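J.: Given only the sequences and the hints, what does the whole structure look like? Please build it.
Protein chains in written order, with numbering that gives the first Met the number 0: chain A, 0 to 92; chain B, 0 to 92; chain C, 0 to 92; chain D, 0 to 92.
Among the hints, a few may not be true.
The list makes no distinction among identical chains, and a pair is therefore deemed to hold if it is satisfied within one copy or across any two copies.
Below 30 Å or equal to it, Euclidean Cα-Cα: the simulated DSS-like pairs (lysine-lysine) are [said to hold, decoys possible]:
#	residue 1	residue 2
1	Lys61	Lys12
2	Lys61	Lys46
3	Lys12	Lys46
4	Lys7	Lys46
5	Lys7	Lys61
Since the hints were derived computationally from the structure, they do not count as laboratory data.
No experiment lies behind these values; they were computed from the predicted model shown.
4 protein chains.
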Amino acid sequence: MHGYTADKDAYLKRLRRIEGQVRGLQRMVENDEYCIDVLTQISAATKALQAVSLGLLDEHLKHCVAQAVAEGGTVAEDKIAEASAAIGRLVRS
Amino acid sequence: MHGYTADKDAYLKRLRRIEGQVRGLQRMVENDEYCIDVLTQISAATKALQAVSLGLLDEHLKHCVAQAVAEGGTVAEDKIAEASAAIGRLVRS
Amino acid sequence: MHGYTADKDAYLKRLRRIEGQVRGLQRMVENDEYCIDVLTQISAATKALQAVSLGLLDEHLKHCVAQAVAEGGTVAEDKIAEASAAIGRLVRS
Amino acid sequence: MHGYTADKDAYLKRLRRIEGQVRGLQRMVENDEYCIDVLTQISAATKALQAVSLGLLDEHLKHCVAQAVAEGGTVAEDKIAEASAAIGRLVRS
Chain A
0 MHGYTADKDA YLKRLRRIEG QVRGLQRMVE NDEYCIDVLT QISAATKALQ
50 AVSLGLLDEH LKHCVAQAVA EGGTVAEDKI AEASAAIGRL VRS
Chain B
0 MHGYTADKDA YLKRLRRIEG QVRGLQRMVE NDEYCIDVLT QISAATKALQ
50 AVSLGLLDEH LKHCVAQAVA EGGTVAEDKI AEASAAIGRL VRS
Chain C
0 MHGYTADKDA YLKRLRRIEG QVRGLQRMVE NDEYCIDVLT QISAATKALQ
50 AVSLGLLDEH LKHCVAQAVA EGGTVAEDKI AEASAAIGRL VRS
Chain D
0 MHGYTADKDA YLKRLRRIEG QVRGLQRMVE NDEYCIDVLT QISAATKALQ
50 AVSLGLLDEH LKHCVAQAVA EGGTVAEDKI AEASAAIGRL VRS
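T.: Structure follows, in structure tokens:
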């Protein structure tokens, strides 16, 4: 069980929609659509992925990190360090 | 014809790979994989989309914007303003 | 007392360096230096600010959020929601 | 003369304001202000820097890149490649 498990269906739905957006990008490129229009749709897909990340991160803090903090000691320190590293990757992606 | 048309196959291949990454994310969520591992893969898919954007933008500058600049006047101004707006969306996504 | 208080001097030193970078940008613009060189230095200053943010966020999770989680209830929920919102702003900036 | 030269005073004014924002961050840290409030102000300073970058980039495309494109040949190719690389750094910062 993870933080997001309770919302699994909602996350799967969002990811399927993003999959559809990426297939839509393929159609646009296939049909030689205008570069700027393709770029606009890529920004939309990127933002959708970003929103999924922020949702998962929030759930992770609420559940996995909170449980580790309750346990205390190195379990808590490692879990927070891990979360901070993931936030760093998210910020730099 | 657009800037990317000559490299269409390469872009389609990259987009299909990204589609595969997003399906992979669905499997990870389906299988209750650890939040941080899902986040890591989302960052990878976001970076791949970003790289496609930067490639398309470079081609757009080389072809569409360059042609408009050669034409000059408002055609050039509008095309550059459009490119700058797309760069802004990319930076903020 | 906050998470970063113990490292206050290090953060102040980093922020003074960033202040110096921004004054350096003013000199570059004053001296009509090449646009791309100015852009390169802006990216450096932005990354330095980003690194300060990630440091502060890590400290915040380790101290403020961990304390709130130990307290539990709405204190913990509110503190995590607040941290998630700050992460969202950081990702979108 | 570069693209931004005509707007030099406006850019200098914006950069001085950002310098003030960074000094404000130092005061917040000096006064042990709450981590989240410091993070919020860092995001504001980062966005201000980003906006300066996008402005400079737009001017660069309109002047330096447009002039190089009018010249054609490797001068144009090199200038566009340079602009694309700067856009890449901006997107990843």
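J.: With reference to the structure, classify each hint as holding or not holding.
T.: Verification of the hints:
Proximity of Lys61 and Lys12 under a CA criterion of 30 Å is satisfied intra-copy only: 22 Å inside one chain copy versus 33 Å between copies. Proximity of Lys61 and Lys46 under a CA criterion of 30 Å is satisfied in both settings, with 23 Å inside one chain copy and 27 Å between copies. For the identical chains of this complex, Lys12 and Lys46 are neighbours both inside a copy (16 Å) and across copies (22 Å), given an alpha-carbon limit of 30 Å. In the homo-oligomer, the alpha carbons of Lys7 and Lys46 lie at most 30 Å apart both inside one protomer (20 Å) and across protomers (24 Å), since each shortest distance falls under that limit.
Taking the shortest alpha-carbon separations for Lys7 and Lys61, both the intra-copy value of 15 Å and the inter-copy value of 28 Å come in at or below 30 Å.
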